[in-house]
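Visitor: Starting from the known structure of chain A, fit chain B onto it as the hints suggest.
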Amino acid sequence: MTTSAPVVSVRDLRKTYGGVTALDGVSFDIERGETFALLGPNGAGKSTTIEILEGYRDRTGGEATVLGVDPGKGGLDWKAKLGIVLQSSGESGNVTVREQLTHFAGYYPNPRSVDEVIAAVGLEDKQKTLIRKLSGGQRRRVDVALGIIGKPELLFLDEPTTGFDPEARRQFWELIARLKHEGTTILLTTHYLDEAAHLGDRAGVIAGGRLIDIGDIDELGGPDARVPVVRWRENGVPREERTTTPGAVVARLGEPDDLQVIRPSLEDIYLTLVSTGTPSEDAS
Amino acid sequence: MTTLRLGYSRIGYEVKTYFRQGDSVFFTFLFPVVMLTIFSVAFSEQSFGPPGAEISAAAYYLPGMLAAGLLLSGLQNMAIDIAGEKGDGTLKRFAGTPLPVLSYFIGKIGQVFVTGILQAALLLLIARFVFQVDLPTEPGAWLTFAWVFVLGVTTAAILGIALSGLPRSGKSATAVIIPIVLVLQFISGVYLGFSQLPTWLQNIASVFPLKWMAQGMRSVFLPSDFEAVEPGGEWNLAGVAIVTAIWLVVGLIVTRVTFRWIRKDS
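Just so you know, the sequences run in chain order A and B. Just so it is clear: in the first sequence, position 62 is 62 by our numbering, and no numbers are missing. Residues are numbered in our numbering as their position in the second sequence, beginning at 1, plus a constant of 1000.
By construction, these hints were calculated from the structure, which means they are not laboratory data. Treat the hints with care, as some may be off.
Calculated lysine-lysine pairs in the DSSO-like style (CA-CA distance at most 27 Å, straight line) [to be verified]:
(1) A:Lys126 - B:Lys1016
(2) A:Lys126 - A:Lys151
(3) A:Lys151 - A:Lys73
(4) A:Lys128 - B:Lys1016
(5) B:Lys1171 - B:Lys1016
(6) B:Lys1264 - A:Lys73
(7) A:Lys126 - A:Lys180
(8) B:Lys1264 - B:Lys1171
(9) A:Lys133 - B:Lys1171
(10) A:Lys151 - A:Lys128
(11) B:Lys1264 - A:Lys151
(12) A:Lys133 - B:Lys1016
(13) A:Lys151 - A:Lys180
The shape of chain A in the complex, shown without the other chains (with noise of 0.2 Å):
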């Protein structure tokens, strides 16, 4: 089935702490098979919408449904299919990795092997370590296994490498691509908005509780968002010029000093949509 219902579908999903608002009527969907990064500052509603998903939280207002399921009445068949990676743990870890991945795959119908699910987030020189005695970076790769160990059709990853040096992030990343290769549905909060272009196929931007932006990673922000920007020095003065057609703009300057022409990144994007933090047209 190639025209299959959305694994996750939200419309105008709101909720309320206590009279302070943490989700304003966020929506989207995330198809089968696809890997959707939900970027935002901190305390902007990234975590409450996740874990609204994952069960965790009710909602005050609004539709969710994860699986076809109402994430709210989940039972434990629907458990079964989702792998969570939450945002931290500190459990007391007072057994090994092999022994602790051995017994959470017993928890699911259909687990990955423990040997495969350890070499793939490279423990199999710690898989005999008290949990406990690992690093923290250590631990967030077991968590990551705890998470993937019932071979999930939705795999949540609330900001998961958080911690990781960088080679761990590069092998991190690997894993992810093979479980998306294998067609795992994949939701991801990140701060880090090179791991969002890394992995994402779309991604969604929560500022203030709202969705301002959304769609393909390199399509975040809008056209507008991307055009270039030539700078120079001029009298000692610095200026800038947004354009289409920077080459021209260079053509008509010749030499003058510092000249650079400059295209937004990714970054520069994310920035300016949160700084702004107001919806942009393709964001409905």
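Guide: Leaving out everything else, chain B in the frame of chain A:
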């Protein structure tokens, strides 16, 4: 079936992690053994009981320590353990898996049974072979021991699960639970002879299950000459069964009403 299979799997996991946690092993598993040893050594020159039927300190304190063991392995262990698991995110993780709550409880209660049996066995072995306490020989006494143990440890475990919601955080669990357990032990005939307490204090203690569990244990291990100093002059095993069972039901109801993997809006 899955619920039972996972419950069984949880028991193994719980017992393994229990014995890897040094502080819980000391304060819930070995504590009654340490107390029995201290009392037996400290009062080794004294004898206890009515004239003509005197027994050693070890024999006198053994039933109380067995009862305290039920309370510690059950109530104290469960309440602090589960409050800690709430605080450190263990339960939140379970909430996102297909693990049934019932399997989790089976694992907890199974762990209490396994550690409670080992603890009672250790107390009996030390009493018998280190302090030369004569243990009962008639099967009837051991049958009483068996049902008091099973009813007591189950009730203590369920009450522990029910009380695990009381501490506001995992860190405060010890501070909230240990005073409750300690006061109960002092007023229920564990450290102080129950017959020596004023009647009003005995009446207060009689509301709670530990007094009855200790009384049941005394009926098994103390000579019949001691029965006369019990409240009402009898062991009152029917009372032991009824009051403990009422607390079991109370614990089950509170657990059923209050236990959640997570508080959704905390």
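Visitor: Are any of the numbered hints broken by this structure? If so, which, sorted upward?
Guide: none
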